[in-house]
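*Asks:* From first to last, the protein sequence lines stand for chains A and B.
Counting from 1, one number per residue, gives the positions in the first sequence under full-length UniProt numbering.
Counting from 1, one number per residue, gives the positions in the second sequence under full-length UniProt numbering.
If you are wondering where the hints come from, they were derived from the structure by calculation, not from laboratory data.
Any given hint might turn out to be false.
Put simply, identical chains are the same to the list, so a pair is met inside one copy or across any two.
Stated by the list, open to error - Calculated lysine-lysine pairs in the DSS-like style (CA-CA distance at most 30 Å, straight line): (1) 248 to 238; (2) 65 to 113; (3) 68 to 101; (4) 192 to 241; (5) 107 to 73; (6) 192 to 238; (7) 107 to 65; (8) 192 to 113; (9) 113 to 73; (10) 241 to 107; (11) 73 to 248; (12) 113 to 241; (13) 192 to 248; (14) 241 to 73.
Remember, predicted model here, so these are calculated numbers, not experimental data.
There are 2 protein chains.
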Amino acid sequence: MNTAADSWKNECWVVLDRIEGPVNLGFISRAMANTGFANLRYSGELDTEDEEARRFAVHSQDLLKSFKQVSRKNLLDGMDVVVGLSPRQPWSDGHDLPLDKLWVTLKSALERKQRVALLFGNEAHGLDNATLAHCRYRLALPTVARYRSMNLAQAVLVVLWELHRQSGTAQGVETSQPSLAGGAQREQMLLKLRHLLETTGYLDHQNPEEIWQEMALIFRSRDWSQREMTLLTGMVNKVLKQHLACCKEMQQVPRQ
Amino acid sequence: MNTAADSWKNECWVVLDRIEGPVNLGFISRAMANTGFANLRYSGELDTEDEEARRFAVHSQDLLKSFKQVSRKNLLDGMDVVVGLSPRQPWSDGHDLPLDKLWVTLKSALERKQRVALLFGNEAHGLDNATLAHCRYRLALPTVARYRSMNLAQAVLVVLWELHRQSGTAQGVETSQPSLAGGAQREQMLLKLRHLLETTGYLDHQNPEEIWQEMALIFRSRDWSQREMTLLTGMVNKVLKQHLACCKEMQQVPRQ
Chain A
1 MNTAADSWKN ECWVVLDRIE GPVNLGFISR AMANTGFANL RYSGELDTED
51 EEARRFAVHS QDLLKSFKQV SRKNLLDGMD VVVGLSPRQP WSDGHDLPLD
101 KLWVTLKSAL ERKQRVALLF GNEAHGLDNA TLAHCRYRLA LPTVARYRSM
151 NLAQAVLVVL WELHRQSGTA QGVETSQPSL AGGAQREQML LKLRHLLETT
201 GYLDHQNPEE IWQEMALIFR SRDWSQREMT LLTGMVNKVL KQHLACCKEM
251 QQVPRQ
Chain B
1 MNTAADSWKN ECWVVLDRIE GPVNLGFISR AMANTGFANL RYSGELDTED
51 EEARRFAVHS QDLLKSFKQV SRKNLLDGMD VVVGLSPRQP WSDGHDLPLD
101 KLWVTLKSAL ERKQRVALLF GNEAHGLDNA TLAHCRYRLA LPTVARYRSM
151 NLAQAVLVVL WELHRQSGTA QGVETSQPSL AGGAQREQML LKLRHLLETT
201 GYLDHQNPEE IWQEMALIFR SRDWSQREMT LLTGMVNKVL KQHLACCKEM
251 QQVPRQ
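Only chain A is shown next, with the shape it has when bound in the complex (with noise of 0.2 Å):
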């Protein structure tokens, strides 16, 4: 089930003429779970029981027992706006459609709910002549020029892709916003980061200022979260602590 905000998809159908492949139907199925299409109806001999469909469909399976085989004169019935997917535009009469206005363009009829067919042909031979001339769309996918046969999964999930991106229903996933460091947290670290570089004569005693603000600016010069802070704090602590430990063992123990 679509939410009230990509309720459209409810009306947005992916039709298949003549499909040969069951590896294809598999990946198509998996195409719209992914993008959160659930409508499909296609026209070939294949059967959506077919093993290797279903291997391919990994736990989608529920919806490609849904998909709908029709005969061929029936695939469009009820459709009421066609986009046909073809890298060959045989008129030149404007309605090929640009692939980035894709959502502009079956925005409105989507939301008046009316239904919408992409319609994809057959992986070897395409949409005939005959099957464009029912499409008031036309969309060639703009791949690189010398290799343009698309697989028709995967051109399938292109399309779906950019409908779920376009339309603004990609945004399901939450990037993180670490809180950040302070500046005075960082000082911190930095005081003891030049007692370990002074300690262990990183630093030059008689002029330690030259390396020492290069180096303090590389901190200085970045964000850094709160957690990356306290984890440098503490493996600067702990270093110059065993550090220090180990030179007053040593200056402990007489010589011999």
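Given chain A, put chain B in place with the hints provided.
*Replies:* Just chain B, lined up with the frame of chain A:
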């Protein structure tokens, strides 16, 4: 061959950790051909001559044949920036990247000929935490929430498609940039740092990885200029050397 405009694609690698499915490998080859990417490296038992892989690679078998099989430990050799694909975000450190920021985030690195790895995990298991600790960025694809599990080849297609698409529109701001330290130089420094943290007991001998993964990511998740990396390396080397010398001297002095 890519044109001057998309020569950055030559620096962009698809990297597959322990891939198992030949159909996936074939589909990935085709997706790369469609979107103009040419470099792939993988670990796992699969053979690029696999019959099923070749069958699903339709017309892109030359590309498939060029894929490089490497051992798992060499999977990320020479990569400067690693983007790990994972629906899981084990750390709240702000390194999770939204998909629509992918190109703007990677653009400057790619244009400066840094090698970028798009890293994908095994079909069933994804990327583990030890591997995610190598990733400067983690990317979760915004599928619909109720069906997050995505087929490997389909995830690769979406990421490549998005890079292909976003790079055509994103307008970057040019700023002066120092030359950056490479990933190999950074990993050298991290090796020494780890040695130091083990020697001083900052890393728990029983369970060093837990903290180390987070610590390493602090350095992997940022760009460092060559100068900065030289300073950091010098610092770690000096502290380590001094501390080891101290420890050694202490052992050589007979106790009372």
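*Asks:* The structure should be examined with respect to each hint, and the outcome stated for every one.
*Replies:* Going down the list of hints, with the structure as the test:
In this assembly of identical chains, residue 248 and residue 238 lie within 30 Å of each other by CA distance both inside one copy and across copies; the values are 15 Å within and 19 Å between. With identical chains, the CA atoms of residue 65 and residue 113 are at most 30 Å apart within one copy only, with a shortest distance of 25 Å there and 48 Å across copies. Only within a single protomer do residue 68 and residue 101 lie at most 30 Å apart by alpha-carbon distance; the minimum there is 29 Å, versus 38 Å between protomers. Proximity of residue 192 to residue 241 under the C-alpha cut-off of 30 Å is found in both arrangements, the shortest distances being 10 Å within a copy and 19 Å between copies.
In this homomeric assembly, residue 107 and residue 73 come within 30 Å of each other (Cα to Cα) only inside a single copy, at 27 Å, whereas the closest approach across copies is 48 Å. In the homo-oligomer, the alpha carbons of residue 192 and residue 238 lie at most 30 Å apart both inside one protomer (10 Å) and across protomers (16 Å), since each shortest distance falls under that limit. Proximity of residue 107 and residue 65 under a CA criterion of 30 Å is satisfied intra-copy only: 28 Å inside one chain copy versus 43 Å between copies. Proximity of residue 192 and residue 113 under a CA criterion of 30 Å is satisfied intra-copy only: 26 Å inside one chain copy versus 37 Å between copies.
Only within a single protomer do residue 113 and residue 73 lie at most 30 Å apart by alpha-carbon distance; the minimum there is 24 Å, versus 53 Å between protomers. For the identical chains of this complex, residue 241 and residue 107 are neighbours neither inside a copy (39 Å) nor across copies (43 Å), given an alpha-carbon limit of 30 Å. In this assembly of identical chains, the alpha carbons of residue 73 and residue 248 never lie at most 30 Å apart, being 32 Å within a copy and 41 Å across copies at closest. Taking identical chains as interchangeable, the C-alpha atoms of residue 113 and residue 241 are never at most 30 Å apart, the minima being 34 Å within one chain and 42 Å between chains.
In this assembly of identical chains, the alpha carbons of residue 192 and residue 248 lie at most 30 Å apart whether taken from the same copy (18 Å) or from different copies (24 Å). Taking identical chains as interchangeable, the C-alpha atoms of residue 241 and residue 73 lie at most 30 Å apart only when both belong to the same chain, with a minimum of 28 Å there against 34 Å between chains.
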